[in-house]
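Undergrad: Listed here are the chains, written in short residue letters.
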Amino acid sequence: MRRLAPLALIVAVACTSRGGGSCHGEHCGTVVFAAIGQPATLLPPVTDHFLDRDIFDQIFLKLADVGPGLNTVGDSGFEPQLADRWTWRDSLTLAFHLDPRARWQDGRPVTAGDVAFTFAAYSDSVLDAPEHINLAHIASVAAPDSATAVFRFRQRYPEMFFDAVYYLRILPAHLLRSLPLRQWRSAAFGRSPIGDGPYRFVRWDPGQSLELEADSTFFLGRPHVRRLIWRFASDLSVAVTQVIAGEADAIEVLVSPANVARARQATQLALYPYPGSAYLFVLLNLRARDGSGPNPILGDVAVRRALVAATDRVRMAQSVFGAAAKVPPVPIPEFWAGLWFPDLPVPPYDTALADRLLEQRGWRLGSDGVRHRGGRKLAIALAVPSTSPARRQYAQLIQEELRAVGVEVKLDLMDNVTLEDRVRRGAYDAAIQAWANGPRPSFDLTPMWVAGGGQNYAHYTNPAFDRWIEAATTARAPAAALRAWRAALGVLAADAPAIALAAPDNVAAIDRRITNVRLRPDSYWAYVRDWRIAPDRLIARDRLVR
Amino acid sequence: MAAWLLRRLVAALAIVFAVVTLVFFAIHLAPGTPFLPTGDRPLDPSVEAGLKARFGLDRPLGAQYVSYLDALAHGDLGESFSQQRPVSMALKEAVPNTVVLAATALALELLLGLAIGAVQAAYAGRRLDTLLTHTTLFFYSLPTFWLGLVLLLVFGQELHWFPIGGVIDPVLHQALSPAGRLLDRLRHLALPALTLGLVGAAGTARFQRAALLEALSQGFVKTARAKGLTETRVLVAHALRNALLPAITLMGLALPFLLTGSVVVETVFAWPGMGKLAADAVLSRDYPVMTATTLAAATLVVAGSLLADVLYAVADPRVGRERPR
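Here the protein sequences come in this chain order: A and B.
Counting from 1, one number per residue, gives the positions in the first sequence under the numbering used here.
Counting from 1, one number per residue, gives the positions in the second sequence under the numbering used here.
Derived by calculation from the structure, the hints in this document are not laboratory data.
Heads up, some of the hints might be wrong.
What the hints assert, rightly or not - Taking CB as the label site, the calculated pair distances span:
#1 L283/B <-> D368/A: 58 to 64 Å
#2 H74/B <-> G322/A: 53 to 59 Å
#3 A188/A <-> P96/B: 19 to 25 Å
#4 P31/B <-> A323/A: 35 to 41 Å
#5 W161/B <-> D350/A: 52 to 58 Å
Stated by the list, open to error - EDC-like, lysine to aspartate or glutamate: derived pairs with alpha carbons at most 20 Å apart:
#6 K326/A <-> D312/A
#7 K92/B <-> D205/A
#8 K52/B <-> D124/A
#9 K52/B <-> D48/A
#10 K326/A <-> D343/A
#11 K52/B <-> D421/A
#12 K326/A <-> D300/A
#13 K377/A <-> D343/A
Computed from a prediction, not measured in an experiment: that's the story for all the values here.
Idealized CB from N, CA, C, for every residue including glycine.
Could you put together the complete structure from these sequences and hints?
TA: Put into structure tokens, the structure is as follows:
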């Protein structure tokens, strides 16, 4: 029945199509992705939006990419893309040897000159590429010959290889060199790119859809699925409904248990749970709102530990996400599974402990059910984005649980942009945050929690934590790095500058006719070129040739 | 008449200017920044500072306003922060979609509203009138987004009669003949136009019923009946014609409703028009797009109001003579 979904239109095609042919065999198939939002541009250095990356990663290749294990240390598990091999010339010099078969979609070969050009563009302050900070440890990229790109690092560290390959999508120098960097953000190339990846750009109807088609000559193997189409919606429920109704084939994250339940009812869909990259937490401001000194309430580590002890985080996660979320020890995503140490000193859920900690700090329960000390009420304002049902639900549960130990929580609902603005200015007590991280913990944790970090909006400082982070990011042996991570996160858990709430699983919904599906938490559609639709399972839109 | 029209035009320009000025300062003074991290990695402060400098947001607000007016006077609406292209391009693509949606919804609203109002007046006080009164009241009281979602779920997801969102089918459209493409567009237009039109039609019907009942009690209707004309002819040729004047006013008033309604409807139906553009811009604090969509909406509303006044004057020469004075 669902295959008959756009019945009238199929009839219309039959009656009025312009005589396009019909595709049969292995390399047919159209996959329609339901996407929320729309891309800004498809020129990689000027954007790091999720959706933009999802799309341009089909068009542009990296030298190599992380494998399914998402290892970021050394070069183990990395999969070749434009480079078919690499060699370390010394501890600071890494040479990539380009696959001689690699071609731009206009037929020109991909050269080491393209790699050097790409690095220069990403690093140029005129372009202000969001990724340029990740390349700070790379001193230069040279092209001694057309097939060899040589990276020279400023220092030795465990994630050198990752930095060299993960962020750079190699660009065609012959097409972009003449374009001033100042014009890249609005360049026509970004709306009609020519790449070297498995799919080539076909059409972009702004606000509606974007289409790519498989490059049948792709040097790493012709993709099975012939066409990829992204349909853009502003609203998650519309995108989910499109997939359920059979008008789209795939959505990467269903987000809420309600959407998962709806998708489960659609018999044509298969659900794919996979570790999520997002996590929710209550960020606590350790500095006074006016910046004059420590926060009079949350500046006290005992109070913060009491807040953690007073919140039943497991019950809350179950209430909001059902079984589809886990509670991390500290604010980190599920796919950093290696850092989920079970023995970190996180205060357990224990309201008696919370009461005791608060009593010890002089916070006495008043007749109004709220604790007081020296004329000050134990009250905090919790900033909540009104646009997020999950976070609104969490806010109510937190308010209810903290009230039980004599903490008054006032909910401040506001739109997310306003909330983020307040957090960045330090004009908040506590805020429910949802962040998503990439595969490299050192890159994400350092700015968030190290003293003076660009995103340390909690104003958290602990020299011991900073030292352990430094040790973790510079350790040469993986075991030493892991020990340092355990120590760093232990300090963070004990200091409790945040209450870790949940790390939700991702659940993708994908049409059952599509097989060989693999999903990657940091790049949902990284393996689309391996997806397959068997010839006997093709539907009308798979066969349609225009 | 010409002097009246000129005065109205000047007043219209002043209104548009005032709205744009108000919106410019309101959105720049509102909390929030357009350059929040959107990927999975935090935005480096130096990158944010660079973006602010690039778009002139590091300058005093007064200086930004003067630059904005200067650019506007030269037809430059600026560059979208979120779409990374000239705002005029985004607007050029969005406005036709909104005009098509609003015009269809307006036509639906007027045709359906006038017809229902006429039927109600003809059957005033009878069971059909009561039924239609309750039905129109029901639709009139529905929130637009709720009606849109219900139509989407029932006719899109469950019955598969209509597509779920978009202007065209991105898979099949290019393969269709011109007639097929038109049919495809109409299928996509149906639900959003119905959502906007139904709520408006309910209001129009209630106005029209009252206007027709008043017209039917006038002396010229009694004269027509006394001449022996059929009741249908009396209703259609005499009463309805005279009761159309309020409908013209309603049409002018409907434009703001259609434009504000389109923000919700376009979001629900993934319709890439001005409303969706504005909603997305508000959420991402895309200042140039916000001011441009406000400018376009204010211009359309003021133009619609002006047009309604002119039509009113044309339909009723007495009014036309009075207005210029």
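Undergrad: Hint by hint, say whether it matches the structure.
TA: Cross-check of the supplied hints:
With their beta carbons about 39 Å apart, L283/B and D368/A fall outside the hinted range of 58 to 64 Å. One distance hint, 53 to 59 Å for the beta-carbon pair H74/B and G322/A, holds here, with the actual separation near 56 Å. Distance hint check for A188/A and P96/B: the Cβ-Cβ separation is about 22 Å, which falls inside the suggested range of 19 to 25 Å. Evaluation of the 35 to 41 Å hint for P31/B and A323/A yields a pass: the beta carbon distance comes to about 37 Å.
At roughly 56 Å, the beta-carbon separation of W161/B and D350/A lies within the given 52 to 58 Å, and the hint holds. Pair hint K326/A plus D312/A holds up; C-alpha atoms about 13 Å apart against a cutoff of 20 Å. Pair hint K92/B plus D205/A holds up; C-alpha atoms about 13 Å apart against a cutoff of 20 Å. Distance check on the hinted pair: K52/B and D124/A sit about 17 Å apart at the alpha-carbon level, within 20 Å; holds.
For the proposed pair K52/B and D48/A, the alpha carbon gap of about 17 Å is at most 20 Å, so the pair holds. Annotation: proposed proximity of K326/A to D343/A holds, straight-line Cα distance about 16 Å (limit 20 Å). Taking the CA atoms of K52/B and D421/A, the gap is about 15 Å. The hint holds against a cut of 20 Å. Proposed proximity of K326/A and D300/A is contradicted: the alpha carbons are some 28 Å apart, above 20 Å.
Between K377/A and D343/A, the direct Cα distance comes to roughly 34 Å. Violation of the 20 Å bound is thereby established for this hinted pair.
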